[in-house]
Amino acid sequence: MSEKTDLGGRVGKGLQSLSSFGSGTTRLEIAAIIATAVTVIGGLELVLRWLDVPQYILPPPSAIAIALITDFPLILPHLGHTLVVLLSGFGIGAGVGLFLAAIITQFPFAEKIIAPYVLILVTTPMLALVPLLILWFGFGYAPRIIAVALASGPMVMINSATGFRRVDSNKIALARSYGASTLQIFRKVRAPMALPMILVGLMIGAIFGLLTAVGAEMVGGGYGLGNRLTTYSSMIQMPQFFGVVLILSFLGIMIYVIFFLIGKRWASWET
Amino acid sequence: MTKNVSGNAKLAIQGAGKRYGDVLALHDCSLEVEANSIVSIVGPSGCGKTTLLWSMSGLHRLSEGEIQLDGKVIVKPRPEIGLVFQEANLLPWRNLMDNILFPFEIKGQKPDRAWIDHLLDRVNLTGFEKSFPNELSGGMQQRAAMVRALSLNPSVLLMDEPFGALDAFTREEMNQLVEEIWMETHTTIVFITHSIEEALFLSDKVVVLTPRPGRVLNIYDVPFDRPRTIEVMAGKEAFDLHHRIKADIYRQERRAGAAAAE
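First to last, the sequence lines map onto chains A and B.
Quick note on my numbering: the first sequence kicks off at 1 and runs consecutively.
Quick note on my numbering: the second sequence kicks off at 1001 and runs consecutively.
So here's chain A without its partners, still in its complex pose (with noise of 0.2 Å):
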């Protein structure tokens, strides 16, 4: 029971910022929100042009703005290689690091040999592995979707992991009282059981994914966002450089909405 409100809470909480928006939300709520964002946005505006701080130090929201809109074209083919790197390492790494969690949770024996290798792929940053791939597998999109594969697949292992291993002893044996097999009680029992905790790996993992392909592009050069940012900064154009670093961060909220609907659709019953 514990382990129940505990696991609910993890998917909850972390959510529960997005989720206070929306039909809790009043009109007067909207505005002081609305109010609070043009004061800080404009405020910053007034402030660096009030100290005349060079843009190279700090551009404005407005010079950010208008970089972001005219060299939008020229950034886009960057965002696309980005989005080519991340979903398909992520893809890799998440289907991978889902079907172990899947079969190593059914032998707890092999479990205890593995999960110290397992451990070491989570906590180590698979950025550090960067230099050596593309000595490996060179310039090409080979080393930074290994890299984005191998940091997001342990996160959704692991967390996957734990939800396979949430038994409700008494669900299985309502399913079992039925003559069900051990494939029907996967499907229908231990795999919807689990079902928070990989959307939590999942989300945790597209969001290492990220890290890790924009780290790797700015190793990797060439092209990608990550690129985008060391060559923006190296020629001193910061507003372009704020530009990317604004697509970033849509990126991952965007990663963290995604994933906040699937869990509000698929495993409301949790919260």
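I should point out that these hints are in silico values taken from the structure, not numbers from a laboratory.
Do not rely on the hints blindly, as some may be mistaken.
On the chain A side, residues computed to face chain B include the following (Cβ under 10 Å) [to be verified]:
1. Q106
2. P108
3. A110
4. I113
5. D168
6. K171
7. S177
8. S181
9. K188
10. V189
11. M193
12. W266
13. A267
14. W269
Distance ranges between label pairs, derived from CB positions [said to hold, decoys possible]:
15. G1164/B <-> E111/A: 41 to 47 Å
16. P1111/B <-> V167/A: 40 to 46 Å
17. T1126/B <-> R27/A: 51 to 57 Å
18. P1111/B <-> I262/A: 44 to 50 Å
Taking lysine-lysine pairs in the DSSO-like style, the calculated list, with each CA pair at most 27 Å apart, reads [what the hints assert, rightly or not]:
19. K1110/B <-> K188/A
20. K1236/B <-> K1205/B
21. K188/A <-> K1076/B
22. K264/A <-> K1130/B
23. K112/A <-> K188/A
24. K1130/B <-> K1110/B
25. K1076/B <-> K1130/B
26. K1246/B <-> K1205/B
27. K1236/B <-> K1246/B
28. K188/A <-> K1236/B
29. K1110/B <-> K1076/B
30. K188/A <-> K1130/B
31. K1130/B <-> K1107/B
32. K1107/B <-> K1076/B
33. K1072/B <-> K1246/B
Note that the Cβ used here is the ideal one computed from N, Cα and C, for glycine as well.
We have chain A already, so just place chain B on it with the hints.
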């Protein structure tokens, strides 16, 4: 071993024993359950009531002895046996109807919708088919669990302290519901409970088990006609039965306590 076995027993428990490591939960336990009767099993905590019931369901394997259903030894879960758990044990990600259809999905069997609708109506859950378990009260959840167990038309219904978590009033309503359903279906019911009132209200026979290892201490016949009224249940005969059962349980507990103190 076969002293209690006669011809028309629905369930025959013969010398049942169950050992968990060093602990003997159940030993030399023999009991017969007649077809179409309601039998309650009461006893102090840890007397192996639940172990015995789960063994009847085929989910637990006995260490000694055997249990027969219609003369055939139970070795695995059988479709003729329905099980109602301590908690409603609904799957929280399925709505009420999908929970009731769960057994049919597992068995790849077509559900009898008319029968299910009738049962839902019987337990006052019509209109809640699309509700999720966390939207239902404890009593409603347990009623849904009863519908799930009855939907397959079992000839035996095993109920493991099903109403223990409910408040006293809901519990009485549930007891009346079980009686009503029984009067319609005459399903053989084995009912585990901590409550002597509940056992007396529902049962044709009340079986008192000894503390660990569980054995049958006494069996009491409850001769009242159904439906049982408040007057009968508050009458002298019921009071005396209640008293004797309670004395049985307390005597046993004191003895177990004294044994543990040595």
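Do the hints match the structure? See the list:
Evaluation of the Q106/A hint against chain B yields a violated restraint, the C-beta minimum of about 19 Å exceeding 10 Å. Because the closest C-beta pair between P108/A and chain B is about 19 Å apart, greater than 10 Å, the hint is violated. At its closest, the beta carbon of A110/A sits 25 Å from a beta carbon of chain B; the interface hint therefore is violated under the 10 Å criterion. Taking 10 Å as the C-beta cut-off, the interface hint given for I113/A is violated, the closest approach to chain B being about 26 Å.
Interface restraint check: D168/A against chain B, minimum CB-CB distance 9 Å, threshold 10 Å, status holds. At its closest, the beta carbon of K171/A sits 6 Å from a beta carbon of chain B; the interface hint therefore holds under the 10 Å criterion. Given hint, S177/A at the interface with chain B, holds; its Cβ is 5 Å from that chain's nearest Cβ, closer than 10 Å. With a least beta-carbon distance of about 9 Å to chain B, the hint placing S181/A at the interface is held under the 10 Å criterion.
The interface hint given for K188/A is met, as the beta carbon of that residue sits about 7 Å from the closest beta carbon of chain B, less than 10 Å. Checking V189/A against chain B: minimum C-beta separation of about 7 Å stays under 10 Å; hint holds. Contact between M193/A and chain B, as hinted, is supported at the beta carbon level, the nearest pair being about 8 Å apart and thus within 10 Å. Among the interface hints, the one on W266/A holds; its C-beta lies about 8 Å from the nearest C-beta in chain B, closer than the 10 Å criterion.
A least Cβ separation of about 8 Å between A267/A and chain B falls short of the 10 Å threshold, and the interface hint therefore holds. The interface hint given for W269/A holds, since its Cβ lies 4 Å from the closest Cβ of chain B, which is under the 10 Å cut-off. Checking the proposed 41 to 47 Å range against G1164/B and E111/A shows it is violated: the Cβ atoms sit about 35 Å from each other. Checking the proposed 40 to 46 Å range against P1111/B and V167/A shows it is violated: the Cβ atoms sit about 28 Å from each other.
Checked against the hint of 51 to 57 Å, the pair T1126/B and R27/A fails, with Cβ atoms roughly 41 Å apart. Range check, P1111/B to I262/A: Cβ separation about 30 Å, and the 44 to 50 Å hint is violated. Restraint check: the Cα-Cα separation between K1110/B and K188/A comes to about 18 Å, which is no more than 27 Å; the hinted pair holds. The straight-line distance between the Cα atoms of K1236/B and K1205/B is roughly 18 Å, inside the 27 Å bound, and the hint therefore holds.
Restraint check: the Cα-Cα separation between K188/A and K1076/B comes to about 20 Å, which is no more than 27 Å; the hinted pair holds. With a CA separation close to 17 Å, the supplied pair K264/A and K1130/B stays within the 27 Å bound. For the hint pairing K112/A with K188/A, the CA-to-CA distance comes to about 26 Å; that is within 27 Å, so the pair holds. The suggested pairing of K1130/B with K1110/B holds, with an alpha-carbon distance near 20 Å, which does not exceed 27 Å.
Of the supplied pair hints, the one linking K1076/B and K1130/B is violated, its CA atoms being roughly 33 Å apart against a limit of 27 Å. A C-alpha spacing of about 15 Å is found between K1246/B and K1205/B, which places the hinted pair at or below 27 Å, so the restraint holds. For the suggested pair K1236/B and K1246/B, the alpha carbons sit about 15 Å apart, so the restraint of at most 27 Å is met. The suggested pairing of K188/A with K1236/B is violated, with an alpha-carbon distance near 51 Å, which exceeds 27 Å.
Among the hinted pairs, K1110/B with K1076/B is consistent with the structure: their alpha-carbon atoms are about 22 Å apart, no more than 27 Å. For the suggested pair K188/A and K1130/B, the alpha carbons sit about 19 Å apart, so the restraint of at most 27 Å is met. Taking the CA atoms of K1130/B and K1107/B, the gap is about 22 Å. The hint holds against a cut of 27 Å. Restraint check for K1107/B and K1076/B: satisfied, since their Cα atoms lie roughly 15 Å apart, inside the 27 Å limit.
Simply put, K1072/B and K1246/B have alpha-carbon atoms about 35 Å apart, too far for the 27 Å limit, and the pair is violated.
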